[in-house]
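Here is what each chain is made of, one letter per residue.
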Amino acid sequence: MNTKSKILQALENQDVSVYFDDPLENDMILNMGPQHPATHGVLRLLIRLNGETILGTVPEVGYLHRGYEKLAENMTYHEYIPHTDRLDYLSPLANNVAYVLAVEKLAGIKVPRRAQFIRVIIAEMARIMSHLVAMGSTAMDVGALTVLLWGFREREKLQDIQDVFTGVRFTTSFTRIGGLAQDMSDEAIAMLKNFLDQFPEKIKDVEGLLFKNRIFIQRCEGVGVISKHDAIAMGLTGPNLRASGVAHDLRRDEPYLIYDEFDFDIPTYDDGDAIARFYIRMEEMKQSVKIIRQALEKIPKGPVNAALPKKVLPSKERIYGKMEELIHDFMLINFGINPPVGEVYQAIENSKGELGFYISSLGEGAPWRLKIHSPSFINIQALPVLLKGHLISDVVAIIGSIDPVMGEADK
Amino acid sequence: MEKIKQKLIEKLKENYGMSIESVVEFQGTLTITVAKEKIKEICTFLRGDFDLYFDMCKDVIGVDYQRADFRFELVYNLYSIKNNFRFLLKTKLQETDLNIPSVVDIWPGANWPEREVYDFFGIIFDGHPDLRRIYMPEDFEYFPLRKEFPLMGIPGSIPLPRK
Numbered sequence: 020m021n022t023k024s025k026i027l028q029a030l031e032n033q034d035v036s037v038y039f040d041d042p043l044e045n046d047m048i049l050n051m052g053p054q055h056p057a058t059h060g061v062l063r064l065l066i067r068l069n070g071e072t073i074l075g076t077v078p079e080v081g082y083l084h085r086g087y088e089k090l091a092e093n094m095t096y097h098e099y100i101p102h103t104d105r106l107d108y109l110s111p112l113a114n115n116v117a118y119v120l121a122v123e124k125l126a127g128i129k130v131p132r133r134a135q136f137i138r139v140i141i142a143e144m145a146r147i148m149s150h151l152v153a154m155g156s157t158a159m160d161v162g163a164l165t166v167l168l169w170g171f172r173e174r175e176k177l178q179d180i181q182d183v184f185t186g187v188r189f190t191t192s193f194t195r196i197g198g199l200a201q202d203m204s205d206e207a208i209a210m211l212k213n214f215l216d217q218f219p220e221k222i223k224d225v226e227g228l229l230f231k232n233r234i235f236i237q238r239c240e241g242v243g244v245i246s247k248h249d250a251i252a253m254g255l256t257g258p259n260l261r262a263s264g265v266a267h268d269l270r271r272d273e274p275y276l277i278y279d280e281f282d283f284d285i286p287t288y289d290d291g292d293a294i295a296r297f298y299i300r301m302e303e304m305k306q307s308v309k310i311i312r313q314a315l316e317k318i319p320k321g322p323v324n325a326a327l328p329k330k331v332l333p334s335k336e337r338i339y340g341k342m343e344e345l346i347h348d349f350m351l352i353n354f355g356i357n358p359p360v361g362e363v364y365q366a367i368e369n370s371k372g373e374l375g376f377y378i379s380s381l382g383e384g385a386p387w388r389l390k391i392h393s394p395s396f397i398n399i400q401a402l403p404v405l406l407k408g409h410l411i412s413d414v415v416a417i418i419g420s421i422d423p424v425m426g427e428a429d430k
Numbered sequence: 002m003e004k005i006k007q008k009l010i011e012k013l014k015e016n017y018g019m020s021i022e023s024v025v026e027f028q029g030t031l032t033i034t035v036a037k038e039k040i041k042e043i044c045t046f047l048r049g050d051f052d053l054y055f056d057m058c059k060d061v062i063g064v065d066y067q068r069a070d071f072r073f074e075l076v077y078n079l080y081s082i083k084n085n086f087r088f089l090l091k092t093k094l095q096e097t098d099l100n101i102p103s104v105v106d107i108w109p110g111a112n113w114p115e116r117e118v119y120d121f122f123g124i125i126f127d128g129h130p131d132l133r134r135i136y137m138p139e140d141f142e143y144f145p146l147r148k149e150f151p152l153m154g155i156p157g158s159i160p161l162p163r164k
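Note that the protein sequences, when read in sequence, are chains A and B. In my numbering, each residue's number is its place in the first sequence (first place is 1) plus 19. In my numbering, each residue's number is its place in the second sequence (first place is 1) plus 1.
Just to be clear, a hint being listed does not mean it is correct.
Unchecked claim - Subject to a maximum C-alpha distance of 30 Å in a straight line, what follows is the list of computed DSS-like cross-link-like pairs (lysine-lysine): (1) Lys-4/B <-> Lys-129/A; (2) Lys-124/A <-> Lys-93/B; (3) Lys-247/A <-> Lys-89/A; (4) Lys-341/A <-> Lys-6/B; (5) Lys-305/A <-> Lys-221/A; (6) Lys-25/A <-> Lys-12/B; (7) Lys-129/A <-> Lys-91/B; (8) Lys-6/B <-> Lys-124/A; (9) Lys-247/A <-> Lys-91/B; (10) Lys-305/A <-> Lys-6/B; (11) Lys-23/A <-> Lys-407/A; (12) Lys-124/A <-> Lys-83/B; (13) Lys-89/A <-> Lys-4/B; (14) Lys-247/A <-> Lys-83/B; (15) Lys-6/B <-> Lys-329/A.
Since the hints were made in silico from the structure, they are not lab data.
So here's chain A without its partners, still in its complex pose (with noise of 0.2 Å):
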């Protein structure tokens, strides 16, 4: 009887074609996370060595799952939203968004304009909160702890802009199917303006000390290379995949809310290196903050949620005072929104890379089935690619640069 685990024969079996002559022939197994802390949370390696150099890896996922998917099939969608923050909890804003995207263009809701700046706005400063982390864990990685402190001061203003913007500094659950939870106030406008005026100067504070810094280049220069076509093989999205030379983002190529009306770049670098990844983090959040000046100036007003009693929630205010409205309300709530029967998937640019949902819908106030398609999944499955051949020591700085949150990977 074969008494090794399952994942030490999948290690055992891997192709390798990386040979090294070593008289000993002593190949280790070397177990990696799920407790280390280089591992962003709980992800494991299992890596095959010689001496220093890796052969091997297996990546194994699932010990954070919970069963968000199979949660979806037993609630309403309206019920659902809350969950999609605990997905990628370094920006559930953007998932809040792609969430309720889904579900309006299931059953067919078109959103207010001032609604859909909104949207842009909070996506985009999800976008630069979850780069922020990446960027600092990135450099606490190879050694550059400072980053790290930088990055997270950026990040708590922006937390406190949040605060004021959703009522929560985390979990905000802030986009309701058809609209949003609130409209935003003067004051976030505000503190949002001031925050965009000073941050581009901490940005080069951050190129400044690292760019020029022989350690952090030598530690992520050629490390974790991927080529072109091995990225588009691998599915990789986002920064990841922009990183590799591919000019794929989901924000041009299948515009949603009112990407189309702005003016903005969209960074590549060729390299596909740890480097790269990290430039073009760094170079997204720039284009970030671009987008959301140019939302806040032509921003409208108007309304935030659509006028349709039968499928978006009605104010507080309306319930309290209308018969109708609060019979609606309980209706919404009770039954759900019943979409018509059919299948959609709609996906938006995350920080991390595509975060998608699949719908399928028998017309009832619940999905049938909800499938997401989370950008760390895809990302960590190249990982064995990324790590072939390189030292051990190169792992903190491979893992770093493709930035997964375990939250969305093991779902």
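Given the coordinates of chain A, assemble chain B onto it according to the supplied hints.
Chain B in isolation, oriented as in the chain A frame:
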């Protein structure tokens, strides 16, 4: 966008006319259902055809419909970077025959999504290089996204580790 859609449907009908069960467009999402026997051939064609060139398989999705005429559906979320076009390719599976050829050799990125479908629905991908459970423990006996699996789980289904 319209042009590539026409071309895709035309080319599929021309080459695999008999195997195409339905072409549906709902709220802007194009879904083409094909016969299970031809799925591998059609995937190879979609990847290799120079005009269509679907070079990314973004996801493989399993759905349990619990119907009398078929039990499961597999949905391939295909994307062509060159044409900037996406559609869903579907196929139906009977409960009595849960084997289907794997597409990992066409799109290496389908590796984990297929493992996920195997883990949750028990659909077996023939030719998959590493068909193991991905989220659930290795010795887990059930398929949690099948509709008969209760939301609260089956008591005792995950035994405590032996001392």
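Okay, the hints, checked on the actual structure:
1. Taken as a hint, the Lys-4/B and Lys-129/A pair is honoured in the structure, with Cα atoms around 26 Å apart against an allowance of 30 Å.
2. Between the alpha carbons of Lys-124/A and Lys-93/B the distance comes to roughly 24 Å, so the proposed pair stays at or under 30 Å and holds.
3. As the CA atoms of Lys-247/A and Lys-89/A are separated by approximately 35 Å, the hinted pair breaks the 30 Å bound.
4. A C-alpha spacing of about 48 Å is found between Lys-341/A and Lys-6/B, which places the hinted pair above 30 Å, so the restraint is violated.
5. Distance check on the hinted pair: Lys-305/A and Lys-221/A sit about 11 Å apart at the alpha-carbon level, within 30 Å; holds.
6. Restraint check for Lys-25/A and Lys-12/B: the C-alpha separation of about 43 Å exceeds 30 Å, so the hint is violated.
7. With a C-alpha separation of about 28 Å, the suggested pair Lys-129/A and Lys-91/B falls inside the 30 Å cut-off, and the hint holds.
8. Note on Lys-6/B and Lys-124/A: the hinted pairing holds, with a Cα-Cα distance of about 20 Å set against a maximum of 30 Å.
9. Proximity of Lys-247/A to Lys-91/B is assessed by CA-CA distance (about 28 Å); at most 30 Å being required, the pair is judged to hold.
10. A C-alpha spacing of about 35 Å is found between Lys-305/A and Lys-6/B, which places the hinted pair above 30 Å, so the restraint is violated.
11. Distance restraint check for Lys-23/A and Lys-407/A: the Cα-Cα separation of roughly 23 Å lies within the 30 Å cut-off, and the hinted pair is therefore satisfied.
12. Using a Cα cut-off of 30 Å, the hinted pair Lys-124/A and Lys-83/B holds, with the two alpha carbons roughly 25 Å apart.
13. In summary, the hint linking Lys-89/A to Lys-4/B is not supported, as the alpha carbons are separated by about 38 Å, beyond the 30 Å threshold.
14. Taking the CA atoms of Lys-247/A and Lys-83/B, the gap is near 13 Å; set against the 30 Å cutoff, the hint holds.
15. Between Lys-6/B and Lys-329/A the alpha-carbon distance is near 34 Å, which puts this suggested pair outside the 30 Å criterion.
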